[in-house]
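K.L.:
Since the structure of chain L is already known, use the hints to place chain W on it.
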Amino acid sequence: MFLDVGRLIESSQPRPRQAWGWYALLGFGAVVVAGSYAKSQGAAADQAMSAVLGLLVLGVVVAMSVVAGSAARAQKQEQQRLEAVEELVQLRRWDQAAFTLDTLLSQPTRSEASRLQALIYLASVLARYHRFTDAITVQEYLLEHAQFDPATAHGLKLMRAMAMLHEDHLFDADRAIGELRRESTDSAGLALIEMYRDVKTGHPAEAVEMFNARLPEMRNQLGGRVADAYALAAKSYDLLERESEAANHWEKATLLAPPAELVRRYSELTSINAKYPAAVRPKQGGTP
Amino acid sequence: MSSVLRIGLGIAALAVLSLHFFPVGKVVSPTLLLMGLGLVWMTLWARTVKGSRLAAESSNLIASGDLDQAEEQVGLSLRSFSMSKSIKSMSMLNLALIRIAQKRWPDAAILCREVLSPSGGVTENLSKSSRLLLADSLLEMGDLRGTYDALAGLYSHRLTLGEALNLLRVQTDYLVRIEAWGQAVQGIETKVQLVELMPPANSARTQALLALAARRAGRADWANWLIRRVELLADVNEIAKSRPELWELWRKAPEAPAAPPTPGAEAAGDAPDSVV
Numbered sequence: 001m002f003l004d005v006g007r008l009i010e011s012s013q014p015r016p017r018q019a020w021g022w023y024a025l026l027g028f029g030a031v032v033v034a035g036s037y038a039k040s041q042g043a044a045a046d047q048a049m050s051a052v053l054g055l056l057v058l059g060v061v062v063a064m065s066v067v068a069g070s071a072a073r074a075q076k077q078e079q080q081r082l083e084a085v086e087e088l089v090q091l092r093r094w095d096q097a098a099f100t101l102d103t104l105l106s107q108p109t110r111s112e113a114s115r116l117q118a119l120i121y122l123a124s125v126l127a128r129y130h131r132f133t134d135a136i137t138v139q140e141y142l143l144e145h146a147q148f149d150p151a152t153a154h155g156l157k158l159m160r161a162m163a164m165l166h167e168d169h170l171f172d173a174d175r176a177i178g179e180l181r182r183e184s185t186d187s188a189g190l191a192l193i194e195m196y197r198d199v200k201t202g203h204p205a206e207a208v209e210m211f212n213a214r215l216p217e218m219r220n221q222l223g224g225r226v227a228d229a230y231a232l233a234a235k236s237y238d239l240l241e242r243e244s245e246a247a248n249h250w251e252k253a254t255l256l257a258p259p260a261e262l263v264r265r266y267s268e269l270t271s272i273n274a275k276y277p278a279a280v281r282p283k284q285g286g287t288p
Numbered sequence: 289m290s291s292v293l294r295i296g297l298g299i300a301a302l303a304v305l306s307l308h309f310f311p312v313g314k315v316v317s318p319t320l321l322l323m324g325l326g327l328v329w330m331t332l333w334a335r336t337v338k339g340s341r342l343a344a345e346s347s348n349l350i351a352s353g354d355l356d357q358a359e360e361q362v363g364l365s366l367r368s369f370s371m372s373k374s375i376k377s378m379s380m381l382n383l384a385l386i387r388i389a390q391k392r393w394p395d396a397a398i399l400c401r402e403v404l405s406p407s408g409g410v411t412e413n414l415s416k417s418s419r420l421l422l423a424d425s426l427l428e429m430g431d432l433r434g435t436y437d438a439l440a441g442l443y444s445h446r447l448t449l450g451e452a453l454n455l456l457r458v459q460t461d462y463l464v465r466i467e468a469w470g471q472a473v474q475g476i477e478t479k480v481q482l483v484e485l486m487p488p489a490n491s492a493r494t495q496a497l498l499a500l501a502a503r504r505a506g507r508a509d510w511a512n513w514l515i516r517r518v519e520l521l522a523d524v525n526e527i528a529k530s531r532p533e534l535w536e537l538w539r540k541a542p543e544a545p546a547a548p549p550t551p552g553a554e555a556a557g558d559a560p561d562s563v564v
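Chains as they are written, first to last, in our numbering: chain L, 1 to 288; chain W, 289 to 564.
Chain L extracted, bound-state conformation (with noise of 0.2 Å):
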């Protein structure tokens, strides 16, 4: 199966560390012993056996520098592959970064690091693809088997929060909003998630007030995605029948995002979207 999540949390475990630690300590047993046993077969020998431990040790040192090297290498193309995930995400070339992160997290990956970059990208990807149940097993993994600074952590809770409101899972993600208030009271992408919660369990004016009271910090804080919001407070409008502001503010989403794309990030917009005008975007040639 592509993108098999549970074949992929497994597979990516990095591989444990080889004991380097007791080769090394029986090397020394071995160099000592050799030693004592050339100062007893007398002078010539010795001098040897010192010509050969200095080569030795020489050799020793070449051989890690160069097993350093190769393992700084191998990190380097490793982290070089994150990256490129990272802007295949940024550009939603989806299918190439499903590929890319199926490639990648099938083997061992060479540090920790590395897989929960790599499992968070993923999450993003099966959220993109609609198969939200299988982004909140990669995000719950991520939760429960991982420390992450407070931003990503609140970061993932939003993602599963809104996938769990995307499986209808209402009474988990009520609990996980909740979760979510508790640990930041200005987070913009709560203020969207709650919109959304609203929109769906039918109560569109709380979704209304919402967006009235959350405007601002969802402005400085979403960017461009600031879209979803206006998309959803055009459905809130809509549901109050109130059509010229639903008309207006699905006319200020799609302003800033495609409406194809807010229809498929939010498949209740399906309705509006057929029932308002879309803002025009101007032709790269000549005016539209």
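Hints may be right or wrong, so weigh each one.
To be verified - Derived pair list, reagent style DSS-like, types lysine-lysine, alpha-carbon separation capped at 25 Å:
1) W:Lys416 - W:Lys479
2) L:Lys283 - W:Lys338
3) L:Lys76 - W:Lys338
What the hints assert, rightly or not - Computed footprint of chain L on chain W; a stretch qualifies when at least three of its residues, placed anywhere within it, have a C-beta under 8 Å from a C-beta of chain L:
4) 319-328
5) 477-488
Because the hints were derived from the structure by calculation, they are not lab data.
None of these values were measured; they are calculated from a predicted model.
All C-beta atoms, glycine included, are put in the ideal place defined by N, C-alpha and C.
P.N.:
Relative to chain L, chain W alone:
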């Protein structure tokens, strides 16, 4: 310094090995000397790794906005010994980033020039980052010739998406300053798609600059469309404060800027009309 040290250690190792073939090798144990050299090498390498860790930590602190702590870490990294020039260059670039955040543009420019100097031993990645930061600083200082030179050096490199976005931001700003309106709006559709990937504040400001360029280039359709987007994305007063020429888009005098669009008014459908 670090190259000299590495070459010196290599020569010393060979010299110690050759002791086996000379009478002095019977007085001083070459193996012990070699082990001593190995210990010195490992100690220096451990300090280099520590410096690298400090540089990486300061990058994270800058990203999280903790500039004071980041500056402290950068100071430690710059003062510590390192066998790798690129670690020192990375720390200097981090310090340049901090200076830019503090709006100390001349200091940032000096640091970037130091990294780019032939003695900097800089890698391609660091070279690209320092050129971008240098162009940004020089532009803020009003040195357009210097900005052009810094930007010109970037076109021969393959850029990552993040670097391409930074280049687009600085380049658009530069083209607007030299009033190259046609060039600024060239490929505007692709430019807008890229600008959408920038962080919110940079995205809004660059779209405002593109709107100005579009208006001056006679592309009222793009100008109107971009102005309306900027109004939805940011406080136009804040944007125009940093680039007074942008007041033209809203036809407000810089001395007496009108109140920004309020969220409540927007929500009620009363967004300010763009005067084009």
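K.L.:
Are the hints correct? Go through all of them and say.
P.N.:
Comparing the hints with the structure gives:
1. W:Lys416 - W:Lys479: Holds: W:Lys416 and W:Lys479 sit about 20 Å apart, inside 25 Å.
2. L:Lys283 - W:Lys338: The hint is violated at about 54 Å.
3. L:Lys76 - W:Lys338: Judged against 25 Å, a Cα distance of about 18 Å means the pair holds.
4. 319-328: holds (count 4)
5. 477-488: With 6 residues closer than 8 Å to chain L, the stretch 477-488 of chain W meets the three-residue bar; holds.
Checked against the numbered hints listed earlier, the structure breaks hint 2 alone; every other hint is satisfied.
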